[in-house]
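For the protein sequence lines, the chains are X and V, in the order given. Here numbering that gives the first Met the number 0 is used: the first residue of the first sequence is 0, the next is one more, and so on. Here numbering that gives the first Met the number 0 is used: the first residue of the second sequence is 0, the next is one more, and so on.
For the record, the hints were derived by calculation from the structure and aren't laboratory data. Any given hint could be a false lead.
To be verified - Here are the computed lysine to any residue pairs in the SDA-like style, where the Cα-Cα straight-line distance is at most 25 Å:
#1 X:Lys-192 / X:Glu-134
#2 V:Lys-12 / X:Phe-149
#3 V:Lys-12 / V:Val-149
#4 V:Lys-12 / X:Ala-287
Claimed, not checked - Here's a subset of chain X near chain V, in silico, CB distances under 10 Å, partners left out:
#5 Tyr-2
#6 Phe-27
#7 Ala-35
#8 Thr-61
#9 Lys-64
#10 Val-90
#11 Glu-112
#12 Arg-115
#13 Asp-122
#14 Arg-126
#15 Val-282
Think of the CB as a built atom: it goes at the ideal place given N, C-alpha and C, for glycine as much as any other residue.
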Amino acid sequence: MSYAIEATDLEKTFVKARSIRELLTQPFRRAERIDALRGVDLQVDEGEILSLLGPNGAGKTTLLKIFSCLVIPDHGRAIVGGRDTRQENAVKRTIGLVQSDERSFYWRLSARENLRFFARLYDVPIRETESRIEELLGRVELLHAADRPFSGYSSGMKQRVTIARALLHDPPILLMDEPTRSLDPAASLALRKFVRDELSRRDGKTILLATHDLREAEAISDRVAVLVRGRVRQIGTVSEVRRWGAREQLYRLEVDPVPDRIEGPFRALEDETDGGVRRLTVVLEEGARLDDLLRPLIGAGIRIRVCDRIEPDLEGAFSRILESETEEA
Amino acid sequence: MINNLLKLWAFIKRDFLSEVSYRLAFLMRVGGMFFSLLAFYFLTKMIDPNTRGLNGIPPFDWLLVGLSFQFYFSTALYSFSARVRNEQLLGTLEAMLVTPTPTSMVVFSSAAWDFVYGGIRVLLYMVFATLLFGVRLDVASPLSLLIGVVLTLLSSVGLGILSASFILYFKRGDPINFLLSGATTLLGTVFFPVELLPAWVQPFSKYLPITWSLRIVRGSLLQGRTMADLWTDLLVLALLTAFLLPVGLICSRFAIRRAKREGTLIQY
């Protein structure tokens with residue numbers, strides 16, 4: 000099977016820059032090395048949104064830079080759009096990079112002038128350039144401000160120009176590096192909706208998104224990969240990753256009539272009574288099953304109106320993954 | 000080829016638009032050129048026209064050509080590295096390097112506007128000098144002048160790209176600029192003839208492309224020399240260019256590859 004993006008055993012080590020003092024006092028000491036990626040295997044299907052989750056320094060940006068041909072790996076292979084990243088030009092035609100750095104434009108020029116410049120670098124045919132820019136500015140809702148200097152744009156507007164630039168040559172793959180980092184909640188929400196509804200569902204783009212915003216990953220991803228210290232620790236759908244390492248089973252119950260006491264192999268986290276209905280959030284004891292919770296209730300003649308399993312959240316899973324990584328280390 | 004020219008044009012247009020957006024600074028620079036010429040005009044009044052090495056060229060005319068071409072030469076020397084560094088600082092280098100445009104093309108084209116602006120500046124110097132200061136330009140061989148200018152351009156591009164390679168690799172501390180700007184000012188016959196320097200220093204002047212460029216341009220513009228008179232100077236400049244240009248290109252390729260390996264291509 001061919002993937003839109005594929006990494007096989009990718010490794011990358013950076014040499015830590017030495018201070019002048021170190022160079023003078025210990026000239027023959029070997030420079031310190033930092034392992035940014037330690038054998039990363041990753042596959043992204045066509046049309047999929049995969050979020051790379053990880054703390055700062057996990058290797059997310061390094062991985063995106065390898066896929067963008069900005070960094071050469073020390074070991075392993077990176078295939079993007081069916082081509083090895085060593086075939087730089089062919090790979091670059093298939094990707095659009097959305098950075099979080101809003102400085103990456105010429106601030107004295109307008110959005111339209113900036114896009115015209117980048118359209119040339121992306122080899123957009125001259126005859127199509129203006130219509131393409133017009134279309135993209137319309138899609139990111141910036142037509143009204145297209146001829147104003149970039150310097151006067153808000154962070155949200157700047158980020159939308161970044162997306163328009165990444166789409167100039169209509170690439171099938173988008174690499175996004177923390178695209179909502181500098182945005183306010185409303186702008187973040189709008190951008191996520193645009194990525195999910197427009198770029199993914201409508202255009203069918205493959206999106207690899209690096210983020211440390213768990214809510215963002217949860218809201219838009221088909222799958223998430225958790226990267227810790229240069230290794231993919233977990234990969235799967237959002238609900239698969241949520242459940243990883245979760246030993247506790249949580250349930251939400253609504254029962255009536257209101258019993259005086261409920262006893263069983265569980266602990267109540269929340270317990271409230273409202274209009275003859277008792278609402279409980281319970282966590283089962285280790286080794287207990289749902290049966291062990293329900294049987295005593297039914298036996299006591301209590302009617303169970305609602306019994307929902309509460310999925311563990313991504314934040315909890317993320318913490319557990321980090322903890323297990325720390326223990327291993 | 001056409002695609003590359005269109006890209007080059009896009010870079011020139013981008014920088015022109017940025018430049019003219021600072022309207023007052025743009026106008027003041029042109030005004031500044033006139034006043035600096037005026038100052039040099041009166042300064043050269045103090046110089047004896049029979050000074051050794053001037054070869055009968057009036058001191059102001061001699062200095063005018065030296066200054067114009069030194070400006071052009073230093074543009075080439077500085078602009079590649081300065082532009083690369085500027086793009087690194089602006090954060091635009093990464094955005095350009097993820098496009099299918101080759102890195103070498105990005106580095107080369109980034110300085111294109113500076114060359115255009117440098118050319119306009121040389122022309123303006125000549126226009127001011129002939130119209131306002133009575134300099135007589137006597138071009139006996141436009142072809143040798145043209146070849147000389149093109150070779151000057153190419154040799155300085157070689158040095159400029161070499162200098163940009165250091166910036167790509169070391170980020171700061173560019174020894175090429177440091178060494179050449181000093182050597183050009185002292186030994187390049189820009190401000191004074193090399194004959195005025197101690198005898199043991201004079202041979203070093205011959206290793207600088209600008210020395211030969213200025214011999215060709217002064218000969219063509221001010222002394223009415225023909226191709227037959229200038230061919231040895233043209234040959235030496237061509238040889239220096241044939242050495243410097245490939246060295247610059249090879250070094251830039253090496254620097255880009257190395258910076259990509261070390262992940263420092265866009266760091267500053």
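Results of checking the hints against the structure:
Annotation: proposed proximity of Lys-192 (chain X) to Glu-134 (chain X) holds, straight-line Cα distance about 19 Å (limit 25 Å). Simply put, Lys-12 (chain V) and Phe-149 (chain X) have alpha-carbon atoms about 17 Å apart, close enough for the 25 Å limit, and the pair holds. Our distance criterion of 25 Å between C-alpha atoms is met by Lys-12 (chain V) and Val-149 (chain V), whose separation comes to about 22 Å. Distance restraint check for Lys-12 (chain V) and Ala-287 (chain X): the Cα-Cα separation of roughly 72 Å exceeds the 25 Å cut-off, and the hinted pair is therefore not satisfied.
Using the Cβ-Cβ criterion of 10 Å, the hint placing Tyr-2 (chain X) at the interface with chain V is not satisfied: the shortest such distance is roughly 20 Å. Interface restraint check: Phe-27 (chain X) against chain V, minimum CB-CB distance 20 Å, threshold 10 Å, status violated. The closest approach between the C-beta of Ala-35 (chain X) and any C-beta of chain V is roughly 8 Å, which is under the 10 Å cut-off, so the hint is satisfied. For Thr-61 (chain X), the shortest C-beta to C-beta distance to chain V is roughly 7 Å, which falls under 10 Å, so the interface hint holds.
At its closest, the beta carbon of Lys-64 (chain X) sits 7 Å from a beta carbon of chain V; the interface hint therefore holds under the 10 Å criterion. Hint on Val-90 (chain X) holds. Least Cβ distance to chain V is approximately 9 Å, under the 10 Å limit. Restraint check, Glu-112 (chain X) versus chain V: the minimum CB separation of about 6 Å is within 10 Å; hint holds. A cut of 10 Å between beta carbons decides the hint on Arg-115 (chain X): the least distance to chain V is about 7 Å, and the hint holds.
Interface restraint check for Asp-122 (chain X): the shortest CB-CB distance to chain V comes to about 6 Å, inside 10 Å, so the restraint holds. For Arg-126 (chain X), the interface hint is violated, the least distance from its beta-carbon to any beta-carbon of chain V being 12 Å, above 10 Å. Because the smallest distance between the Cβ of Val-282 (chain X) and any Cβ of chain V comes to about 45 Å, over 10 Å, the interface hint for this residue is violated.
Violated hints for the displayed structure, listed by number in ascending order: 4, 5, 6, 14, 15.
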